[in-house]
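For reference, each letter of the sequence shown is one residue, going -27 to -1, 1 to 107 in mature numbering (1 follows the signal peptide of the UniProt record, and there is no 0).
Any given hint could be a false lead.
DSS-like cross-link-like pairs, simulated, lysine-lysine; straight-line CA separation at most 25 Å [stated by the list, open to error]:
| # | residue 1 | residue 2 |
| --- | --- | --- |
| 1 | K31 | K56 |
| 2 | K60 | K81 |
| 3 | K50 | K60 |
| 4 | K31 | K85 |
| 5 | K50 | K81 |
| 6 | K24 | K56 |
| 7 | K43 | K31 |
| 8 | K50 | K24 |
| 9 | K24 | K60 |
| 10 | K24 | K43 |
| 11 | K85 | K56 |
| 12 | K85 | K24 |
| 13 | K46 | K31 |
| 14 | K43 | K85 |
| 15 | K85 | K60 |
| 16 | K46 | K85 |
| 17 | K81 | K31 |
| 18 | K24 | K81 |
Since the hints were made in silico from the structure, they are not lab data.
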Amino acid sequence: MNRALRYAAVGAIAVSLLAGGSAAAFAAPQDLHSPSPVVATAPAAATLTAKASATTVKAWEQFRITGVAKGIKAGTKLTVQQKQGAKWVSLPAQTPVNSSGAYAVRVKLGIKGVNQLRMATGSTVSPVVTVTVR
């Protein structure tokens, strides 16, 4: 009688394994149609544009540099830099990026001749803007 009980138990286990295995086989195709996993992408590189309101000014005449900051948080301070020799020197002219990414800063230059300027924050810099001071 013990043998009969053992065979019955083994048979019941085998049936449940077969049923479970077939359920798993039917579940697999559903997994194939599930949405693909989301892949994280690198954040877009921060960029700055810059445009001077005048290309030629008199010494100490005020002009503006305006532009748009993309990938830079609102409120971040941008600094005007001037090329002096081989180095970029930060001027005491700063402006924050507004909530739409735009900015504007007033600038006065006293160094006569062609001046190369750019906007900077951290390692992000704008293209060079050239303003001639007469």
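Report the numbers of all earlier hints that the structure fails to satisfy, in ascending order. 7, 13, 14, 16
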